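There are 2 protein chains.
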Amino acid sequence: MDISLELIKEIARPSPTKIVLLVIDGLGGLPNPETGKTELETANTPYLDQLATKGICGLIDLVAPGITPGSSPGHLALFGYDPIRFNIGRGVLEAIGIDFDLQPGDVAARGNFCTVDKAGRITDRRAGRISTDKCAELCQLLDGLVIDNIKISVCPVREHRFVVVFRGDNLVPSLSDSDPQQVGVAPKAVTALSPEAGRAASIANQFIARAQAILAEHHPANMALLRGFSRRPHFPSMGEVYKLRPAAIASYPMYRGLAKLIGMEILETGTTIEDELATLKQNYADYDFFFLHIKGTDSAGEDGDLDRKVSIIEQVDNALSKLISMEPDVIVVTGDHSTPVLLRAHSWHPVPILLYSKWCRPDKVNEFSESACLSGGLGRFPATQVMPLAMANALKLTKFGA
Amino acid sequence: MDISLELIKEIARPSPTKIVLLVIDGLGGLPNPETGKTELETANTPYLDQLATKGICGLIDLVAPGITPGSSPGHLALFGYDPIRFNIGRGVLEAIGIDFDLQPGDVAARGNFCTVDKAGRITDRRAGRISTDKCAELCQLLDGLVIDNIKISVCPVREHRFVVVFRGDNLVPSLSDSDPQQVGVAPKAVTALSPEAGRAASIANQFIARAQAILAEHHPANMALLRGFSRRPHFPSMGEVYKLRPAAIASYPMYRGLAKLIGMEILETGTTIEDELATLKQNYADYDFFFLHIKGTDSAGEDGDLDRKVSIIEQVDNALSKLISMEPDVIVVTGDHSTPVLLRAHSWHPVPILLYSKWCRPDKVNEFSESACLSGGLGRFPATQVMPLAMANALKLTKFGA
Numbered sequence: 001m002d003i004s005l006e007l008i009k010e011i012a013r014p015s016p017t018k019i020v021l022l023v024i025d026g027l028g029g030l031p032n033p034e035t036g037k038t039e040l041e042t043a044n045t046p047y048l049d050q051l052a053t054k055g056i057c058g059l060i061d062l063v064a065p066g067i068t069p070g071s072s073p074g075h076l077a078l079f080g081y082d083p084i085r086f087n088i089g090r091g092v093l094e095a096i097g098i099d100f101d102l103q104p105g106d107v108a109a110r111g112n113f114c115t116v117d118k119a120g121r122i123t124d125r126r127a128g129r130i131s132t133d134k135c136a137e138l139c140q141l142l143d144g145l146v147i148d149n150i151k152i153s154v155c156p157v158r159e160h161r162f163v164v165v166f167r168g169d170n171l172v173p174s175l176s177d178s179d180p181q182q183v184g185v186a187p188k189a190v191t192a193l194s195p196e197a198g199r200a201a202s203i204a205n206q207f208i209a210r211a212q213a214i215l216a217e218h219h220p221a222n223m224a225l226l227r228g229f230s231r232r233p234h235f236p237s238m239g240e241v242y243k244l245r246p247a248a249i250a251s252y253p254m255y256r257g258l259a260k261l262i263g264m265e266i267l268e269t270g271t272t273i274e275d276e277l278a279t280l281k282q283n284y285a286d287y288d289f290f291f292l293h294i295k296g297t298d299s300a301g302e303d304g305d306l307d308r309k310v311s312i313i314e315q316v317d318n319a320l321s322k323l324i325s326m327e328p329d330v331i332v333v334t335g336d337h338s339t340p341v342l343l344r345a346h347s348w349h350p351v352p353i354l355l356y357s358k359w360c361r362p363d364k365v366n367e368f369s370e371s372a373c374l375s376g377g378l379g380r381f382p383a384t385q386v387m388p389l390a391m392a393n394a395l396k397l398t399k400f401g402a
Numbered sequence: 001m002d003i004s005l006e007l008i009k010e011i012a013r014p015s016p017t018k019i020v021l022l023v024i025d026g027l028g029g030l031p032n033p034e035t036g037k038t039e040l041e042t043a044n045t046p047y048l049d050q051l052a053t054k055g056i057c058g059l060i061d062l063v064a065p066g067i068t069p070g071s072s073p074g075h076l077a078l079f080g081y082d083p084i085r086f087n088i089g090r091g092v093l094e095a096i097g098i099d100f101d102l103q104p105g106d107v108a109a110r111g112n113f114c115t116v117d118k119a120g121r122i123t124d125r126r127a128g129r130i131s132t133d134k135c136a137e138l139c140q141l142l143d144g145l146v147i148d149n150i151k152i153s154v155c156p157v158r159e160h161r162f163v164v165v166f167r168g169d170n171l172v173p174s175l176s177d178s179d180p181q182q183v184g185v186a187p188k189a190v191t192a193l194s195p196e197a198g199r200a201a202s203i204a205n206q207f208i209a210r211a212q213a214i215l216a217e218h219h220p221a222n223m224a225l226l227r228g229f230s231r232r233p234h235f236p237s238m239g240e241v242y243k244l245r246p247a248a249i250a251s252y253p254m255y256r257g258l259a260k261l262i263g264m265e266i267l268e269t270g271t272t273i274e275d276e277l278a279t280l281k282q283n284y285a286d287y288d289f290f291f292l293h294i295k296g297t298d299s300a301g302e303d304g305d306l307d308r309k310v311s312i313i314e315q316v317d318n319a320l321s322k323l324i325s326m327e328p329d330v331i332v333v334t335g336d337h338s339t340p341v342l343l344r345a346h347s348w349h350p351v352p353i354l355l356y357s358k359w360c361r362p363d364k365v366n367e368f369s370e371s372a373c374l375s376g377g378l379g380r381f382p383a384t385q386v387m388p389l390a391m392a393n394a395l396k397l398t399k400f401g402a
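Protein sequences, first through last, are from chains A and B.
The first sequence lines up with residues 1 to 402 when you count with this note's numbering.
The second sequence lines up with residues 1 to 402 when you count with this note's numbering.
Extracted from the complex, chain A is given alone in its bound form (with noise of 0.2 Å):
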């Protein structure tokens, strides 16, 4: 039985009471070998602690047990989006991820800066990762295109990765891929994958030749290939489906492009976590959900740092009892996915939840961590009912049926 978000919209309703969801990014870990102890478990943490304590806490999945999540997939279920149903093409990720300004019909895509010999075939289809330094280099000579009416603007991301989007009338982006994903052959050319997508396809080509001809010199950047053609999806708002005002506090562009792409109003913030705190308490009075993002966690877990992490995350904890002095009615803490230490990476494992509010029905967890979330009253549940739940915790649903 699960719920939609059109049954979400039916019994939402607007009321002042305010949700903070805090995602710790990658927050779940394992234990260390040595300590039997998680990263979360390792840090000190008086305030998560005590929210633990007067809350309710368990385990959630993002996706799926076993599937381990991108950070958009991760997101999307936290926010109540199914990130299976609710898919976003790679060329809008990538141009989401360095907040690109994506208009509606934009059709963006995913570049990679490669390498062919002189018969054209790829050898390296990261063109040796040049440096972001000389992949922006690179981008200068190819953006600014124009053909047949469509503008072309090619944005570095890092290393030899980039992002083209195509501006103009008529752009339809079911396009097949140019790059083969393999070496030892040529680039593929770009296909339409549908009768109207016959013009960009021409033009994608048509780009794809003059990046040839421009790099040619470039050795070893001197071919693109692109691939993940797509465009901004049109998403139901937060706004819609909650009857909510939120707003995004997160320093990471690829977060706040993901707020953006469901109607979260983008607050400008630092990089620190006060300084997302300090931007929390200035804007408090003009919405009634925040979503705060904090990246080190997951930064730190990917560089296999125990103690950055640990650091990390009892920094978030001291900075919470600022959160805790402004009383919103709920409040939610938890990660988009596991990047434990051990595996220097994401991970498929659950993730622990604590959610505090006058309504919750407390638990007897006193603690907030891996174990002992395993036994908390919110059990172990996909991601996509956090949203349901926060709202119901904030008294902003109205019953189901009669």
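Calculated from the structure, these hints are not laboratory results.
Certain hints may be false.
One copy or any two copies: either way a pair holds, since identical chains are not told apart in the list.
[Said to hold, decoys possible] Under the rule of at most 30 Å between Cα atoms (straight-line distance), these lysine-lysine pairs were calculated in the DSBU-like manner:
{"hint": "1", "residue 1": "364", "residue 2": "37"}
{"hint": "2", "residue 1": "118", "residue 2": "358"}
{"hint": "3", "residue 1": "295", "residue 2": "18"}
{"hint": "4", "residue 1": "54", "residue 2": "37"}
{"hint": "5", "residue 1": "399", "residue 2": "37"}
{"hint": "6", "residue 1": "364", "residue 2": "54"}
{"hint": "7", "residue 1": "151", "residue 2": "188"}
{"hint": "8", "residue 1": "281", "residue 2": "37"}
{"hint": "9", "residue 1": "188", "residue 2": "243"}
{"hint": "10", "residue 1": "281", "residue 2": "243"}
These numbers were taken from a predicted model, which means no experiment stands behind them.
Got chain A; can you put chain B on it based on the hints?
Only chain B this time, still in chain A's reference frame:
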């Protein structure tokens, strides 16, 4: 958020890690009124308890809470195939159960020898449950008929049950049953349920008429009823979906047949648990997924034999030391359904499961039993999630989405 095989196929990647799935048929039980302990709780199982301590435990529902699984849906679910979506026709199931080598165009049906009176009305749908020997004798009389270039095989199953397989060109299995599933009425004519099935219907009816003539003097088995006409289904293979080289070690034909249906390699083995483990050891280098099937627990449960079921569980436990010494990356131990001695039948009760891997997040369960698994870290979950979890723990799944 249902995870489809299509999604798994996209994120699965080949790797040298190895998974062993040990299915103890009918494992789950009910507490004995005198001891308060289930069959598994009564057994002395030091190795299972050791794996439970190091691993993560839970309880699975094979089909859904309250639904008692047959052996086929129970196993399909464990292999990750939604047993409601992936349906196998009755005729095919019976053919698989006797190791009949079904070819893609074959149409199989389940047969009953039955008794009809002089007016042709059924008086006993099971012909007084004739012996299996008698059944074999009668099948020989019908086996090998050729009607309109269709070769017909008739093979005994048990008591009054047999299988008919029609082999030849242009056979479409959308046919109604001749078995009316009640006494006092005549067998029904087989009718084509789609226009293309006309030829198959005609051949089935001609076969039934020939059978009636041949059986006339063999009262009480003087007629044959057919039902469940079906063709071998085309399920995606485990190799394709999971990028695995899977092998099955099972002494009963039914389980070998099911495994073959989804593309597992069938390894020749003996009838004891030790035989199965010796087969595993011999073939350990050549595959990366092993399905080991233990039948005795289910048979003992159906016979209501507590001591035998306990003793077989203890034999399995004892044999586990050999499995553990091979050091597979992932070991999963569970059952395909419960068969409580007290019920003498398959039941709907969820089945304990343990998963051991270097990357599992261990829980506090230190005993493999129904009651201990209740507080396990895997929680209670659908059996179709077992394979994604095993794959994740073997680091054979890449992340979903960016």
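The hints, checked one at a time:
For the homomeric pair residue 364 and residue 37, the shortest alpha-carbon distances inside one copy (20 Å) and between copies (13 Å) are both at most 30 Å. Taking CA atoms no more than 30 Å apart as the test, residue 118 paired with residue 358 passes in neither setting, with 69 Å inside one copy and 47 Å between copies. Taking CA atoms no more than 30 Å apart as the test, residue 295 paired with residue 18 passes inside one copy only; the shortest distance there is 23 Å, against 34 Å between copies. Taking the closest pair of Cα atoms, residue 54 and residue 37 come within 30 Å of each other both inside a single copy (23 Å) and across two copies (14 Å).
For a Cα distance limit of 30 Å, the shortest separation of residue 399 from residue 37 across copies, 25 Å, qualifies, whereas the shortest one inside one copy, 42 Å, does not. Taking the shortest Cα distances, residue 364 and residue 54 sit within 30 Å of each other both inside one copy (9 Å) and across copies (24 Å). Taking identical chains as interchangeable, the C-alpha atoms of residue 151 and residue 188 lie at most 30 Å apart only when both belong to the same chain, with a minimum of 23 Å there against 50 Å between chains. Taking the shortest alpha-carbon separations for residue 281 and residue 37, neither the intra-copy value of 34 Å nor the inter-copy value of 35 Å comes in at or below 30 Å.
Taking the shortest Cα distances, residue 188 and residue 243 sit within 30 Å of each other only across copies (26 Å), while inside one copy they are farther apart (46 Å). For a Cα distance limit of 30 Å, the shortest separation of residue 281 from residue 243 inside one copy, 22 Å, qualifies, whereas the shortest one across copies, 51 Å, does not.
Of the numbered hints listed earlier, those contradicted by the structure are 2, 8.
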